[in-house]
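Going down the list, the sequences are from chains F and A.
Mapping the first sequence onto this note's numbering, position 157 (from 1) lands on 157, and the numbers just tick up by one.
Take any residue in the second sequence, note its place counting from 1, add 1000, and you have its number in this note's numbering.
Calculated from the structure, these hints are not laboratory results.
Any given hint could turn out to be false.
Some chain A residues near chain F, calculated using beta-carbon distances under 8 Å [said to hold, decoys possible]:
#1 V1078
#2 L1099
#3 W1117
Over the 10 Å line for every Cβ pair with chain A, so calculated as not near, a few chain F residues [unchecked claim]:
#4 A19
#5 L21
#6 M28
#7 L120
#8 V151
#9 I201
Non-contacting residues of chain A with respect to chain F, defined by C-beta distances greater than 12 Å in every case (computed) [what the hints assert, rightly or not]:
#10 E1198
#11 K1239
#12 S1349
#13 R1437
#14 E1447
Glycine included, each C-beta is placed from N, C-alpha and C at the ideal position.
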Amino acid sequence: MQSFLARHIRIALPALCLAVLLAAVFVMQPRAMSYVGLNLLLNLALPIAFATVAQMFVIAVGELDLGIGAYVGFVACVGATWLNTDPAVGVLMLAGGVLVYAAVGALIFWRGLPSIVVTLGMSFVWLGLAILVLPTPGGKAPDWLQAAMKVKTPLLPMTIFASVALALVVHWGLMRSSYGAVLRGAGGNPRSIERAGWSLIKIHVVMFGLAGLFGLLAGLSLVGLTTSGDANIALRYTLLSIAGVILGGGEFTGGRVSPVGAVIGAMTLTLAASFLSFLRLDPDWQIGAQGVILILVLALRVLINRTEARAA
Amino acid sequence: MQKPAPPLVQLEGVAKRFGAVRALEGVNLSVPAGSCVGLVGHNGAGKSTLMNVLAGTLRPDEGRVAVSGHDLSGSWGVAAAAGQGIRCVFQELSLCPNLSVAENARIMHPALRGLGWRKRAAALIAERLDAIFPRHGIDPDAIVGDLSIARRQMVEIARAFSVSDRPARLVILDEPTSSLDAVLAAQLLAYVRRFVAEGGAVALISHLLGEILSTADRVVVMRDGGVVADRPAGEFTRKNLIEAMGSVAHEDAGDARANRARTGEPVVSAAPEGQTDDRRLTLHRGEIVGLAGLGGHGQTAMLRRIFDGAGGRVRDVTVRGKTGFVAGDRQADGVFPLWSIGKNLTVASLRALRGGGLIQPAAERIMAEDWRQKIGIRTPDVKNPILSLSGGNQQKVLFARALGSDADIILMDDPMRGVDIGTKQEVYGMLRAEADRGRSFLWYTTEMDELRHCDHVYVFREGRIAAELSRAELSEEKVLQSSFDAAA
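Using the sequences plus the hints, can you model the full thing?
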């Protein structure tokens, strides 16, 4: 009984954190409790959610992607230049980016390379490419992309509906589908997956390819919101996405991830930044305070896990 | 009609080398349909390697593999073996701990896909679990990592016998009962006989000769990478089987030491967390105390509690002295998989191997080499990685780690899993000698024979001490009775 309870608290923990944070924001700034307020609070959450889901695919197979931030920046730069002026070339460049991601996944598995080193190296490649595409901040996102990010949905802002849809689609694909079980299994016990006759290299290609695809969506949604690009626009996404996955109940090893949790984690991190602004905290301290929030949540999770282990 | 049907699987002249080690040399083995072949031999005799060849996870360097008379040597591999309905339950548990029981079943069966695959996977595994282990109590939606080691093993066994579009014609069981208690083991062996009676084939590896003799139709004895005997099981007795394996046959059931009085201050005194009466577990200096009962009934938790208690972190547990731990779940609590044998062995004694604040490599090497000879670890060099050893030899390293340290109290969590008889006898002797020298041992074991080496036995049931037996009172009947019956 106790373990049943603990298990459900563990699953619900990310959502609880988000709710607590949201409540705190509403208490301090009741005007945030409106369509416009929510939109302002959360509109940057969608790109972060996409990036977090991208990171989650990589973490699910026990690897880490330190290049996702630079890659999102690269996509944003292409989105603000080629995709607007010469859509065919732009689409080809973006598709090429996804293929490179898949190839990097294959390379990491095939040669047994440490993903941290390879993706860190790739982050410089992406940053360099982004600067080549767009040497100074500027450019213009295609009108259709800007329009898509400005869609007004009834009741709640579009970001919320899009995040829910993202969470559900990825949840279905990774957690409910039959091949999803194999993909996650590769993070849990690769040998067992291999002995059952599945190709581990294919699994790595699929997972890194998916990371590239969702990183692409992150970059496009970001440039749709900001309307112009900058090579450095998303560098902090790398660490935010890792924090989001972990905050959402994922673990670095063992293929334990949660898509719904990852999306919630991304939203929590976005809200935490707003929350600290509402506190009128000196910006110099905000990053540190964000770190403290992260540590508190993780400490809570360890506590719950321990209760669970004791009850079992 | 004139020719007899070819055997289901036939290996001819199979050889396999790992670097300089010849794991298999010219092995012939045939497994006919509708029979159970038992495979016995010492640790490192090549049993597991042979089974890996049979399961397709290792390709032989030489030799022929034929299935139902068709030579498949050229294309032999995991896919070919799986396609022919050959399944394997490996000695090291090989489920994905992050997936549910049903999802693990899906990994094995590519046909479980499309709408409703979860339900079908859950039904498939639950049906097989019910058939093999009635009243198993395992939820198909449970995450495997949350299950006890015995239940994980049950799931893996049930998965190996489950049938979708892939048939199960030959199931290889490598030490399948090592984590199961007597009741579950008996259920499994009974199921093996039923499976064989319905035309399936089973290759059974076990160190428990009783299991082999009662279950197998034919027994194959391996030694040093080759087959030294291959005869019907009826021609073997326990005694000549041990002789064929090449170990000295002394089947003493513990030495006949007099009952020692339990006097003086105990070095360990503790009660299980959920104990309702005032029964306590006590351990005196120089004693070997056994923790018995069915698997997973709180014995491991008790050992951990005492281990934590040595750090003064647990209320109601007193421990006088340093503690050492010998893990039974090697992968989880035992070996450092990336370290060498030597480093794995000396890690508990680094303080004693220091000089000027640094570890002295020479002292480390001497200690590792010393224990390699003392306990007979089968390796040419202690610098080899720990995973180059067979399971039983890895376990020896863990023993050496604890015995070589300065711990006064050694906690052992079913440490003889997958250890062969010869080694067991050596270790029993070593434990007794160490106990006489003043060390104390707490020993959780699922094997009755091992309890006979203990001075005092506590039987656990549902996380509590259900009975306390002195050496004179100890009998298999009493242990079983207390394991099951609340009134005992």
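Evaluated hints:
1. V1078: Given a least distance of 5 Å, the restraint on V1078/A holds.
2. L1099: 5 Å, holds
3. W1117: OK, holds: W1117/A within 8 Å of chain F, min 5 Å.
4. A19: 25 Å, holds
5. L21: 28 Å, holds
6. M28: 39 Å, holds
7. L120: Since the minimum Cβ distance to chain A is about 22 Å, L120/F lies beyond 10 Å and the statement holds.
8. V151: With a cut-off of 10 Å, V151/F remains clear of chain A, as the shortest Cβ separation is near 32 Å.
9. I201: 14 Å, holds
10. E1198: About 24 Å separates E1198/A from the closest Cβ of chain F, which puts it past 12 Å; holds.
11. K1239: Per Cβ check, K1239/A is outside 12 Å of chain F; nearest 37 Å; holds.
12. S1349: 29 Å, holds
13. R1437: 36 Å, holds
14. E1447: The assertion about E1447/A holds, with a minimum of 25 Å to chain F.
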